[in-house]
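Residue numbers (our numbering), protein chains in the order written: chain A, 2 to 196; chain B, 2 to 196; chain C, 2 to 196.
These are calculated hints, taken from the structure and not from any lab test.
Hints are supplied without guarantee of correctness; some may be wrong.
Looking from chain B toward chain A, a few residues come up when the C-beta cut is under 7 Å (computed) [what the hints assert, rightly or not]: (1) V36; (2) L83; (3) Y85.
Using 27 Å as the maximum straight-line C-alpha spacing, the simulated BS3-like pairs for lysine-lysine come out as follows [stated by the list, open to error]: (4) C:K32 <-> B:K32; (5) C:K32 <-> A:K32; (6) A:K32 <-> B:K32.
This one's a predicted model, so the numbers in the text were calculated from it and none came from an experiment.
Quick reminder that beta carbons are idealized off the backbone N, C-alpha and C, glycines included.
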Amino acid sequence: MEIFAERTQLALDLVGVFFFAVTGALLAARKGFDVVASALLAGMTGLGGGVVRDVIIGVRPAALEHPVYLAPVLLAVGVVYLYYPHVSRFRRTLLLFDAAGLGLFCVTGTAKALAADVPAVSAALLGVTTAVGGGLLRDVVAREVPSLFRYDDIYALPAMVGAAATAVLWRLDALSVWTGVAASVVTFTLRALAL
Amino acid sequence: MEIFAERTQLALDLVGVFFFAVTGALLAARKGFDVVASALLAGMTGLGGGVVRDVIIGVRPAALEHPVYLAPVLLAVGVVYLYYPHVSRFRRTLLLFDAAGLGLFCVTGTAKALAADVPAVSAALLGVTTAVGGGLLRDVVAREVPSLFRYDDIYALPAMVGAAATAVLWRLDALSVWTGVAASVVTFTLRALAL
Amino acid sequence: MEIFAERTQLALDLVGVFFFAVTGALLAARKGFDVVASALLAGMTGLGGGVVRDVIIGVRPAALEHPVYLAPVLLAVGVVYLYYPHVSRFRRTLLLFDAAGLGLFCVTGTAKALAADVPAVSAALLGVTTAVGGGLLRDVVAREVPSLFRYDDIYALPAMVGAAATAVLWRLDALSVWTGVAASVVTFTLRALAL
Chain A
2 MEIFAERTQL ALDLVGVFFF AVTGALLAAR KGFDVVASAL LAGMTGLGGG
52 VVRDVIIGVR PAALEHPVYL APVLLAVGVV YLYYPHVSRF RRTLLLFDAA
102 GLGLFCVTGT AKALAADVPA VSAALLGVTT AVGGGLLRDV VAREVPSLFR
152 YDDIYALPAM VGAAATAVLW RLDALSVWTG VAASVVTFTL RALAL
Chain B
2 MEIFAERTQL ALDLVGVFFF AVTGALLAAR KGFDVVASAL LAGMTGLGGG
52 VVRDVIIGVR PAALEHPVYL APVLLAVGVV YLYYPHVSRF RRTLLLFDAA
102 GLGLFCVTGT AKALAADVPA VSAALLGVTT AVGGGLLRDV VAREVPSLFR
152 YDDIYALPAM VGAAATAVLW RLDALSVWTG VAASVVTFTL RALAL
Chain C
2 MEIFAERTQL ALDLVGVFFF AVTGALLAAR KGFDVVASAL LAGMTGLGGG
52 VVRDVIIGVR PAALEHPVYL APVLLAVGVV YLYYPHVSRF RRTLLLFDAA
102 GLGLFCVTGT AKALAADVPA VSAALLGVTT AVGGGLLRDV VAREVPSLFR
152 YDDIYALPAM VGAAATAVLW RLDALSVWTG VAASVVTFTL RALAL
């Protein structure tokens with residue numbers, strides 16, 4: 002079953018990978034990692050959530066079949082490398098990019114799981130997994146307190162709202178690129194309001 | 002190949018998920034996580050070991066096909082939320098529930114791997130993986146020292162005994178619900194004696 | 002598609018598992034883990050990278066099908082248990098074994114991914130994943146700073162060189178046991194020079 006056209010899913014995915022990869026590269030920069038370690042952390046953050054989702058669903062990860070998924074990772078590392086000295090509000094920048102990735106991935110992750118004939122409830126949970134997975138991996142391997150568990154923060158809830166909205170839209174036969182992007186924007190806004 | 006009847010496997014699984022989810026919710030409560038983070042940690046703890054096992058075997062995780070697996074997670078979060086202020090011996094309670102989950106999962110995990118035609122030795126190891134995986138994930142993401150590696154503790158050994166017993170019972174054609182539950186009780190007892 | 006003959010792949014794998022398992026057992030010894038925890042950490046370190054690679058490719062992990070993969074893990078635990086009191090330069094020994102595992106696994110991991118019809122670029126990345134995965138898992142669960150991210154260290158770069166060389170050799174139809182082992186030795190040397 003196809004939810005989004007293949008090119009649409011790919012385009013949204015690549016943008017989401019870029020957003021998350023930026024957060025990985027930013028954290029690497031602040032921690033003083035070299036460029037190789039930065040690329041690895043950016044790659045894990047950008048690709049981690051989607052790979053975990055695909056492995057659980059039982060399909061070969063898209064990032065494996067299409068090496069173009071590496072492009073946004075390398076772009077993010079390059080951009081951060083050039084601009085990092087000029088980023089004055091590091092933490093806020095990281096969290097805004099993270100929120101943008103969260104908004105996109107909770108929708109595309111849910112759509113990809115629905116396309117693999119997973120029950121709607123499980124699909125929404127896999128959407129949340131896609132959205133929070135990369136950032137959780139980033140924080141665990143870089144030994145940061147995961148955003149997911151910061152007591153003064155609302156992190157997973159917006160992703161749950163976005164993923165549930167995607168599943169409901171699909172049930173109502175109303176899931177399109179436009180309603181999907183709308184759900185992403187709502188998720189991003191809810192998350193950004195908590196910053 | 003079927004080891005336990007499907008309903009039996011499901012029932013034992015759900016009870017095990019509940020036990021482990023309680024430990025995740027208890028740890029979340031002590032760490033002051035909000036209810037969403039608590040549900041996520043409870044879910045990872047309860048479902049993590051089984052999902053890792055199924056992904057390694059190469060079958061779609063049961064928790065994905067049957068959203069009923071979420072019920073014990075939500076129940077655990079609710080129970081802990083209501084009773085937490087009355088739990089006087091927090092750590093001991095957590096470890097007892099953990100031991101109960103360990104006892105069940107080392108047996109059902111081994112049985113599920115045997116059912117997927119994995120060699121008996123590997124099946125027992127996957128049983129241990131199922132039993133210790135959720136708790137390890139819980140401790141890693143919540144930045145606790147994993148029970149697995151506490152020097153003053155006997156944690157994995159009982160799970161190894163239970164998983165090996167399950168594989169041996171199966172080889173002897175003597176694995177039934179009753180002998181399986183007996184192996185679980187022995188595992189739980191061995192683990193509880195170490196507390 | 003076959004890259005290395007099955008027996009060759011198995012032999013190289015077992016040697017790589019031994020090298021990494023030694024590092025897990027050494028770290029366990031220094032941290033005062035008991036023998037069971039030591040075996041678990043050695044097993045995760047030795048088998049982790051390959052299992053993650055196989056799960057991502059979508060094949061059943063070799064270590065699951067062939068319980069002989071446990072032999073080098075147990076051997077490593079035994080050797081470390083006997084010799085640990087005599088290891089005078091603990092950290093250097095650990096890093097040398099780690100470098101040897103890195104050298105082997107970046108080549109065999111890439112070859113195994115190529116054999117599963119993964120694009121060459123992705124295959125090289127899976128080779129790097131195989132090479133760094135076990136050590137990353139070891140450091141995360143044992144709460145060490147991952148070598149991957151130590152700022153004064155060149156860790157992943159040699160593995161990238163070795164994996165890329167393997168993919169290029171394969172493209173040029175020049176990948177054999179001998180050129181593969183040569184790529185491993187170059188990787189090991191590059192890594193050892195950084196110590």
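Outcome of the hint check:
1. Among the interface hints, the one on V36 of chain B is violated; its C-beta lies about 10 Å from the nearest C-beta in chain A, farther than the 7 Å criterion.
2. With a least beta-carbon distance of about 20 Å to chain A, the hint placing L83 of chain B at the interface is violated under the 7 Å criterion.
3. Interface hint status for Y85 of chain B: violated, as the beta-carbon distance to the closest one in chain A is roughly 15 Å, over 7 Å.
4. About 26 Å separates the Cα atoms of K32 of chain C and K32 of chain B, which keeps this hinted pair within 27 Å; it holds.
5. Taking the CA atoms of K32 of chain C and K32 of chain A, the gap is about 26 Å. The hint holds against a cut of 27 Å.
6. Distance restraint check for K32 of chain A and K32 of chain B: the Cα-Cα separation of roughly 26 Å lies within the 27 Å cut-off, and the hinted pair is therefore satisfied.
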